[in-house]
Amino acid sequence: MLFYSFFKTLVGQTVTVELKNDLSVVGTLVSVDQFLNIKLDNIKVEHEDQHPHMMSVKNCFIRGSVVRYVHLPPAAIDTALLQDAARRESQQSTATAKA
Amino acid sequence: MADTVTAPITSVEEPLDLVRLCLDEHIYVKLRGDREVRGRLHAFDQHLNLVLGDVEETITTVELDPETKEESVHTTNRKMDMLFVRGDGVILGLIPSILYTAPLPKKLDNHAINLFRPPRERYETPILFDLSKD
Amino acid sequence: MADTVQPKKTPSDFLGAIIGHPVLVKLNSGIIYKGVLACLDGYMNIALEQTEEYANGQLKNKYGDAFIRGNNVLYISAAE
Numbered sequence: 001m002l003f004y005s006f007f008k009t010l011v012g013q014t015v016t017v018e019l020k021n022d023l024s025v026v027g028t029l030v031s032v033d034q035f036l037n038i039k040l041d042n043i044k045v046e047h048e049d050q051h052p053h054m055m056s057v058k059n060c061f062i063r064g065s066v067v068r069y070v071h072l073p074p075a076a077i078d079t080a081l082l083q084d085a086a087r088r089e090s091q092q093s094t095a096t097a098k099a
Numbered sequence: 001m002a003d004t005v006t007a008p009i010t011s012v013e014e015p016l017d018l019v020r021l022c023l024d025e026h027i028y029v030k031l032r033g034d035r036e037v038r039g040r041l042h043a044f045d046q047h048l049n050l051v052l053g054d055v056e057e058t059i060t061t062v063e064l065d066p067e068t069k070e071e072s073v074h075t076t077n078r079k080m081d082m083l084f085v086r087g088d089g090v091i092l093g094l095i096p097s098i099l100y101t102a103p104l105p106k107k108l109d110n111h112a113i114n115l116f117r118p119p120r121e122r123y124e125t126p127i128l129f130d131l132s133k134d
Numbered sequence: 001m002a003d004t005v006q007p008k009k010t011p012s013d014f015l016g017a018i019i020g021h022p023v024l025v026k027l028n029s030g031i032i033y034k035g036v037l038a039c040l041d042g043y044m045n046i047a048l049e050q051t052e053e054y055a056n057g058q059l060k061n062k063y064g065d066a067f068i069r070g071n072n073v074l075y076i077s078a079a080e
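Protein chains in written order, with full-length UniProt numbering: chain A, 1 to 99; chain B, 1 to 134; chain C, 1 to 80.
Check the hints yourself; a few may be wrong.
With a straight-line Cα cutoff of 25 Å, these simulated BS3-like cross-link-like pairs (lysine-lysine) come out [unchecked claim]: (1) Lys79/B - Lys20/A; (2) Lys26/C - Lys60/C; (3) Lys9/C - Lys26/C; (4) Lys20/A - Lys39/A; (5) Lys44/A - Lys69/B; (6) Lys8/A - Lys44/A; (7) Lys62/C - Lys26/C; (8) Lys62/C - Lys34/C; (9) Lys69/B - Lys60/C.
Ranges between beta-carbon positions, derived for each pair [what the hints assert, rightly or not]: (10) Asn77/B - Lys62/C: 37 to 45 Å; (11) Ser77/C - Glu25/B: 52 to 60 Å; (12) Arg32/B - Leu81/A: 41 to 49 Å; (13) Gly12/A - Gly87/B: 23 to 31 Å; (14) Lys62/C - Arg32/B: 18 to 26 Å; (15) Ala76/A - Val62/B: 33 to 41 Å; (16) Gly64/C - Glu70/B: 45 to 53 Å.
For the record, the hints were derived by calculation from the structure and aren't laboratory data.
Even for Gly, the Cβ is constructed at its ideal location relative to N, Cα and C.
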């Protein structure tokens, strides 16, 4: 759930989602779910000339499993907080498995 | 060097413990599709989803010259400030070896080893968070 | 006779028995890692020490500690 919560804090930010088929989509993060499916608004595809069929698309839903990377705005991220959360979650998941 | 790690000093008894020890460290990750990324590890989960900072990505491509039949290896580099990497692309993670100087495997008694049961007494700190709240 | 010598029974008994020993891990891609098996979990995520990476039988790299995501693992074999 760590990354689900993490992406929820980034709603409203501009992100670039790079897909496994090398398509990169820039847009405003609208929503995310537990599978890390992503909704983007006001999208623009990088190298639009190579993907002319995407020019008229204004918003999209991206299935989480096709994502390779998400480029994030560093200013929107508290890395210390994020590291603490990751540390907690990893210890917590072991603790849960123990119980 | 282990003193620089802010996490409680823990033994490494399962592979993800090793990843946790890499938080805030510069790591190297090998990905599917002949990609490699290097960056500072800010977050991970059990799927190996990652958030890395100050990232450099290297993509390796092999091209075959149709005339000479010789293979030439090309690499392209990209830099990114902050990157989420989806875990299913991860093959290998490398850990800066300064992280622990002590040899990892304590010779465990056979009866103590059960892959599907986590070892006891792993953490010195109490568990503060309860999953049932999620 | 079987009472005196306990044979390895299950795959996880085998894996448990080789923790701390030199192993060879082959990935689906064909790349081979040799190293000392530090630990592994139920997903077959693996932590290796003194890792050597072989591709096409040639030593490509040496690493201190390596983490291998379990889904890439074809097999783990006890070296030696």
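For each hint, the structure was consulted:
1. Lys79/B - Lys20/A: holds (18 Å)
2. Lys26/C - Lys60/C: Judged against 25 Å, a Cα distance of about 14 Å means the pair holds.
3. Lys9/C - Lys26/C: holds (22 Å)
4. Lys20/A - Lys39/A: At roughly 17 Å apart (the allowed maximum being 25 Å), Lys39/A and Lys20/A satisfy the hint.
5. Lys44/A - Lys69/B: With a Cα-Cα distance of about 40 Å, the restraint between Lys44/A and Lys69/B is violated, given a limit of 25 Å.
6. Lys8/A - Lys44/A: Holds, at about 21 Å.
7. Lys62/C - Lys26/C: holds (16 Å)
8. Lys62/C - Lys34/C: holds (9 Å)
9. Lys69/B - Lys60/C: holds (23 Å)
10. Asn77/B - Lys62/C: 37 to 45 Å: violated (23 Å)
11. Ser77/C - Glu25/B: 52 to 60 Å: violated (30 Å)
12. Arg32/B - Leu81/A: 41 to 49 Å: At roughly 30 Å between Cβ atoms, Leu81/A and Arg32/B fall outside 41 to 49 Å, so the hint is violated.
13. Gly12/A - Gly87/B: 23 to 31 Å: holds (25 Å)
14. Lys62/C - Arg32/B: 18 to 26 Å: At 22 Å between Cβs, range holds.
15. Ala76/A - Val62/B: 33 to 41 Å: The hint (33 to 41 Å, Cβ to Cβ) holds, given that Ala76/A and Val62/B are roughly 38 Å apart.
16. Gly64/C - Glu70/B: 45 to 53 Å: Violated - the Cβ-Cβ distance for Gly64/C and Glu70/B, about 34 Å, lies outside 45 to 53 Å.
In terms of the numbered hints stated before, the structure departs from hints 5, 10, 11, 12, 16, listed from lowest to highest.
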